[in-house]
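Start from the sequences, fold in the hints, and give me the full structure.
Chains as they are written, first to last, in this note's numbering: chain A, 1 to 111; chain B, 1 to 118.
Some hints here could point you the wrong way.
[Claimed, not checked] With a straight-line cut-off of 35 Å between C-alpha atoms, the simulated DSBU-like cross-links for lysine-lysine are: (1) A/60 / A/110; (2) B/55 / A/110; (3) B/55 / A/98.
[What the hints assert, rightly or not] These stretches of chain A come out as covered by chain B in the derived footprint (C-beta under 8 Å, 3 or more residues): (4) 37-48; (5) 99-109.
[What the hints assert, rightly or not] Here are a few chain B residues that sit away from chain A, every Cβ distance over 10 Å (derived from the structure): (6) 8; (7) 22; (8) 29; (9) 41; (10) 46; (11) 52; (12) 73; (13) 88.
Keep in mind that the hints were calculated from the coordinates and are not lab data. Yeah, the Cβ is synthetic: ideal placement off N, Cα and C, and Gly gets one too.
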Amino acid sequence: GNSVTQMEGPVTLSEEAFLTINCTYTATGYPSLFWYVQYPGEGLQLLLKATKADDKGSNKGFEATYRKETTSFHLEKGSVQVSDSAVYFCALSENGNKLVFGAGTILRVKS
Amino acid sequence: GAVVSQHPSRVICKSGTSVKIECRSLDFQATTMFWYRQFPKQSLMLMATSNEGSKATYEQGVEKDKFLINHASLTLSTLTVTSAHPEDSSFYICSARSGAGGSSYEQYFGPGTRLTVT
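Structure, rendered in structure tokens:
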């Protein structure tokens, strides 16, 4: 079945550091890929998405590119802020149906 | 943006009792709602999918008689944990989707409900 694997955390960075959170997936077809963010005490929010190979999703300085050849959707940001501290979830969905989530990666940014 | 609320945010109940969790879409009509369970330091696991006015579809391994889901209106779905036991203690999260096609595939998530069974 479909699955998502993302790097374990927590990831601790200093402000303005470069961020990469790895995500790889296994799917039978051609899924859409997502990154969700969960800030403390809040629900999950869609951060960005990509629906087909080579698409790049971007939002709030975060980017991820749908790489079919490596079945990856790594999340990157050039300069993180303290306010980016949250839990990040990679997920996939086939045909708009149920979401399959990775385990989540805690990001802590120190000032 | 679309807002989904959950009530209560935290609940403590005694073993053997039942507890109901509500999920509401506040500013849109949700034809489909999803219920997830999240264990500490683990991912969200889909429990069931409910479409307004029809029976919920449960994922493999989820007891439908224990986790009763009702999606009686386009803005409300409820999850009732019946005869709760300590192993049911978890973080329950709902999400809602407005319909099929385009951006309406996006799910909007509630803030979650922390259930503790003593």
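A quick look at each hint next to the structure:
1. A/60 / A/110: holds, 19 Å
2. B/55 / A/110: violated, 47 Å
3. B/55 / A/98: Status holds; Cα separation ~16 Å.
4. 37-48: holds (count 6)
5. 99-109: Per the Cβ count (6), the hint holds.
6. 8: holds, 14 Å
7. 22: Holds, since 14 Å exceeds 10 Å.
8. 29: At roughly 17 Å from the nearest Cβ of chain A, residue 29 of chain B sits farther out than 10 Å, so the non-interface label holds.
9. 41: At roughly 8 Å from the nearest Cβ of chain A, residue 41 of chain B sits no farther out than 10 Å, so the non-interface label is violated.
10. 46: At roughly 5 Å from the nearest Cβ of chain A, residue 46 of chain B sits no farther out than 10 Å, so the non-interface label is violated.
11. 52: The assertion about residue 52 of chain B holds, with a minimum of 17 Å to chain A.
12. 73: holds, 20 Å
13. 88: holds, 20 Å
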